[in-house]
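Asks: Protein sequence lines correspond, in order, to chains C and U. For the first sequence, position 363 matches number 362 in numbering that gives the first Met the number 0, and the numbering has no gaps at all. For the second sequence, position 111 matches number 110 in numbering that gives the first Met the number 0, and the numbering has no gaps at all.
Fair warning: there could be bad hints in the mix.
Heads up, the list lumps identical chains together, so a pair's fine if it works in one copy or across two of them.
Below 20 Å or equal to it, Euclidean Cα-Cα: the simulated EDC-like pairs (lysine to aspartate or glutamate) are [to be verified]:
(1) K187 - D213
(2) K251 - D394
(3) K353 - D179
(4) K187 - E221
(5) K251 - D83
(6) K187 - D217
(7) K187 - E242
(8) K187 - E50
(9) K187 - E98
(10) K251 - D167
(11) K251 - D237
(12) K353 - E274
(13) K187 - E225
(14) K187 - E81
(15) K251 - E313
(16) K251 - E221
(17) K187 - D38
(18) K251 - E14
(19) K187 - D119
(20) K187 - D33
(21) K187 - D394
(22) K353 - E275
(23) K251 - E234
I should point out that these hints are in silico values taken from the structure, not numbers from a laboratory.
Protein chains: 2
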Amino acid sequence: MDEILETWSHLSSTERMAMFAALPRGQVDNFFLDLPSRDQLEIVLALPEDERRIWLRLLAPDDAADLIQMAPADERARLLAELDTVAQREVGALMAYQEDEAGGLMSPRFARLRPDMTVDEAIAYLRRQAPQLETIYYAYALDDSQRLAGVVSFRSLFAADRHRTVRDVMRTNPVVATEDMDQEAVAKLFSQHHLLAVPVVDAGNHMKGIVTVDDIVDVVQEEASEDIQKLGGMEALDAPYLEIGFWRMVQKRAGWLAILFVGEMLTATAMGHYEEEIARAVVLALFVPLIISSGGNSGSQATTLVIRAMAIGEVRLRDWWTVVRREFWAGLVLGTVLALIGSSRILIWQSIWKPYGEHAGVVALTVAISLLGVVLFGTMAGSMLPFVLRRAGLDPASASAPFVATMVDVTGLVIYFSVASVVLRGTLL
Amino acid sequence: MDEILETWSHLSSTERMAMFAALPRGQVDNFFLDLPSRDQLEIVLALPEDERRIWLRLLAPDDAADLIQMAPADERARLLAELDTVAQREVGALMAYQEDEAGGLMSPRFARLRPDMTVDEAIAYLRRQAPQLETIYYAYALDDSQRLAGVVSFRSLFAADRHRTVRDVMRTNPVVATEDMDQEAVAKLFSQHHLLAVPVVDAGNHMKGIVTVDDIVDVVQEEASEDIQKLGGMEALDAPYLEIGFWRMVQKRAGWLAILFVGEMLTATAMGHYEEEIARAVVLALFVPLIISSGGNSGSQATTLVIRAMAIGEVRLRDWWTVVRREFWAGLVLGTVLALIGSSRILIWQSIWKPYGEHAGVVALTVAISLLGVVLFGTMAGSMLPFVLRRAGLDPASASAPFVATMVDVTGLVIYFSVASVVLRGTLL
Chain C
0 MDEILETWSH
10 LSSTERMAMF
20 AALPRGQVDN
30 FFLDLPSRDQ
40 LEIVLALPED
50 ERRIWLRLLA
60 PDDAADLIQM
70 APADERARLL
80 AELDTVAQRE
90 VGALMAYQED
100 EAGGLMSPRF
110 ARLRPDMTVD
120 EAIAYLRRQA
130 PQLETIYYAY
140 ALDDSQRLAG
150 VVSFRSLFAA
160 DRHRTVRDVM
170 RTNPVVATED
180 MDQEAVAKLF
190 SQHHLLAVPV
200 VDAGNHMKGI
210 VTVDDIVDVV
220 QEEASEDIQK
230 LGGMEALDAP
240 YLEIGFWRMV
250 QKRAGWLAIL
260 FVGEMLTATA
270 MGHYEEEIAR
280 AVVLALFVPL
290 IISSGGNSGS
300 QATTLVIRAM
310 AIGEVRLRDW
320 WTVVRREFWA
330 GLVLGTVLAL
340 IGSSRILIWQ
350 SIWKPYGEHA
360 GVVALTVAIS
370 LLGVVLFGTM
380 AGSMLPFVLR
390 RAGLDPASAS
400 APFVATMVDV
410 TGLVIYFSVA
420 SVVLRGTLL
Chain U
0 MDEILETWSH
10 LSSTERMAMF
20 AALPRGQVDN
30 FFLDLPSRDQ
40 LEIVLALPED
50 ERRIWLRLLA
60 PDDAADLIQM
70 APADERARLL
80 AELDTVAQRE
90 VGALMAYQED
100 EAGGLMSPRF
110 ARLRPDMTVD
120 EAIAYLRRQA
130 PQLETIYYAY
140 ALDDSQRLAG
150 VVSFRSLFAA
160 DRHRTVRDVM
170 RTNPVVATED
180 MDQEAVAKLF
190 SQHHLLAVPV
200 VDAGNHMKGI
210 VTVDDIVDVV
220 QEEASEDIQK
230 LGGMEALDAP
240 YLEIGFWRMV
250 QKRAGWLAIL
260 FVGEMLTATA
270 MGHYEEEIAR
280 AVVLALFVPL
290 IISSGGNSGS
300 QATTLVIRAM
310 AIGEVRLRDW
320 WTVVRREFWA
330 GLVLGTVLAL
340 IGSSRILIWQ
350 SIWKPYGEHA
360 GVVALTVAIS
370 LLGVVLFGTM
380 AGSMLPFVLR
390 RAGLDPASAS
400 APFVATMVDV
410 TGLVIYFSVA
420 SVVLRGTLL
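Hey, can you work out the whole structure from these sequences and the hints?
Replies: Listed below in structure tokens is the structure:
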């Protein structure tokens, strides 16, 4: 099955339909269910209308909702109509939620119990319901108004004395997600509490559905991909790399690249201000790329660390002062290391090939001080920008590493030439 | 419970022990179980020896193994001895595996059935075993030599006719993980097949344990964090940002930063080669940061995209040619966009403030051609480096964005000054 899925992901649409048609009857169901919604939709749309029904009806309501939401607007009603009436109502309700919130992830087919049932009655009831349910591993005790009273794991129900009631064995105050909770927050619940399913409730504690952990693995992958792509300096792609259309991908990359480029044009302006200094001491120009890239690299490190720590909840907004102090000292140490390497390089080269003229000593000093300043600035700016963005209600991952690098490049030039104008006054300048 | 965990993660060790001691009896068990292994170990080690046993025995064997493996070497035997003899054997066996392979993630307490049991016998048997098992949601049918014959989900067992046998309802050829399978590969199995548990077998198909999906959510988060940190140009931290020791963190950052710095020193060498050109046409120096950063940014994008697509299995080694072609065209389009913006900027500035002298037209042309070349090179190099690294058996995520940027910086300078020496011959140079 794995090899089939592997092969599948690298076929053209026509090849896919041929392969789908060729799969043996006994395998094709599971194969279809294992596919991502995008691919399921591709198959369903490619089939003649009278063959669509069996595939659509095979899907759980939450998966059917995902598929239909991905379809072109004019196909949606037709696809929905292929489901049976119960499923139509369920799927319709799910489609009202955003794809990336708890309501959009949940299945409405959870196991309901009454708190006053006996354990034996509950087990017998679940046994009858099992075929229709997404999972029976947790069952939910609801009161008469469908409010969530407690949760009982099937295992504890199974291990309990059969004459006790559900109320006796259920866990009250369970971990719940609200309908509009962001999927990242839902994923955090799962990872903190090691749960297999989380009930979704509305503001009045009425139970709406359950989110199961198998859907969360995908959510976590998806969120990590988005963050990684934003850190790489682009908009998050909304489809796999090999499947997204060429122009759509270029567009998602060109936007940020152009913004960064316009920002980076400030370096030309800054360099323009120091044109006279460069003309007088060309040797200064030689170290420009070295100095600004060191600022960029140290800024990338700091911003990546902080953004990731924020994304998985290790660092919160109010930790900013701890982070400032930590990064200040880190920047100082890292800057010192690079300053030592950089100035040694200049002095060693000078002692062998003498490329930097009679004032190599002060040039080395200029480079060393600038490196310390630039790395310190890069580290501080890189670590603080995510806090500023989150504070402003923006996604800290947008403080992508290249964005920090651009910001640090301009400042790095100013630091470098300011240090030079002080240190080299009377010698080179 | 969430608020307690939130608070916890920001306390000092002493505060944590005080809080742990103060938690009400009814909550403290679940709280302890929800903590990461590192924090559980911290508590256990801080407790007097005669209080350790109850906490260690509360843990499932896989969690106990994780905790003991994290303990200082001289404490491990003492901690292991606190477990009962069965658990000692189980935990000892688990500790033989690497933490990041299937064997290291698995629990040996899975539900075993014989294929010739009736459904009713199987259910009654599971009911008795339930309290000792990690999960009963899947049960595994083993033959007389403990080889895996099939898997039956509890739900299907429950829904089946009670007089049929396990063999009739079990799924043969289930998805399995091998003992030494990397945890990233195991995570992929879960995400492809939407499973709650995967059986772990040795080379002879003997069943060793199960990996459950709740552990996989953490694996996925952990792997994503590692990749993100490597992409940010540092070694992956092995502890949360606020918990890792200062010097340990600095060390993980300084290593890469110094390597990148040494690589970047080549820019000073390259610039040295063009010192004469810069002296003759200082205007050339002004655009150095702009041009090399554009190469770096486009390289970052490409390498991030490809590394992530590889990590989640969307792109494989043999797709390299597809990626080359795609990125060639992407680089050409992106380079053209930046070339247009860059040359317009120069011409517009020139028409207003005349900062670039009489030869602004050819300078704009030089910058435009160089941008196209540098962006194309950055995109190609950034997208190919992960393939080269993976081919060489290295982790593609080490081709971090700053690493690509450094490589592209040096090449970018060569491209820029080569273009300049051709285009500006006879005018500025």
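Asks: Can you give me the call for K187 and D217, within, between, both or neither, at a CA distance of at most 20 Å?
Replies: both (13 Å within a copy, 10 Å between copies)
Asks: If the cut is 20 Å between Cα atoms, do K187 and D394 qualify within a copy, between copies, both or neither?
Replies: within (17 Å within a copy, 27 Å between copies)
Asks: Between copies, within a copy, both or neither: which fits K251 and D83 at Cα up to 20 Å?
Replies: neither (39 Å within a copy, 57 Å between copies)
Asks: As a check of your reading, is K187 near E242 (CA-CA no more than 20 Å) within one copy, between copies, both or neither?
Replies: Between copies only: 19 Å across chains, 29 Å inside a chain, cut-off 20 Å.
Asks: Please sort K187 with E50 into within, between, both or neither, judging by C-alpha distance up to 20 Å.
Replies: Close neither inside one copy (40 Å) nor across copies (31 Å); limit 20 Å.
Asks: When no copy is specified for K353 and E274, does a C-alpha distance of 20 Å or less occur within a copy, between copies, both, or neither?
Replies: between (25 Å within a copy, 14 Å between copies)
Asks: Is it within, between, both, or neither for K251 and D237, if the alpha carbons may be no more than 20 Å apart?
Replies: within (10 Å within a copy, 33 Å between copies)
Asks: At most 20 Å between alpha carbons: which applies to K187 and D119, within, between, both or neither?
Replies: For K187 and D119, the Cα distance exceeds 20 Å both inside one copy (34 Å) and across copies (38 Å).
Asks: Between the shortest in-copy and the shortest cross-copy C-alpha distance, which are at most 20 Å for K187 and D33: within, between, both, or neither?
Replies: Intra 24 Å, inter 12 Å, cutoff 20 Å: inter-copy only.
Asks: Measure nothing new, just compare the shortest in-copy and cross-copy C-alpha distances for K187 and D38 to 20 Å and report within, between, both or neither.
Replies: For K187 and D38, the Cα distance is within 20 Å only across copies (17 Å; inside one copy 28 Å).
Asks: Since the copies are identical, ignore which copy is meant and state whether K353 and D179 lie within 20 Å (CA to CA) inside a copy, between copies, both or neither.
Replies: neither (67 Å within a copy, 56 Å between copies)
Asks: Please sort K187 with E98 into within, between, both or neither, judging by C-alpha distance up to 20 Å.
Replies: Within one copy, since 17 Å is at most 20 Å while 22 Å is not.
Hint violations for this structure: numbers 3, 5, 8, 10, 14, 18, 19, all remaining hints satisfied.
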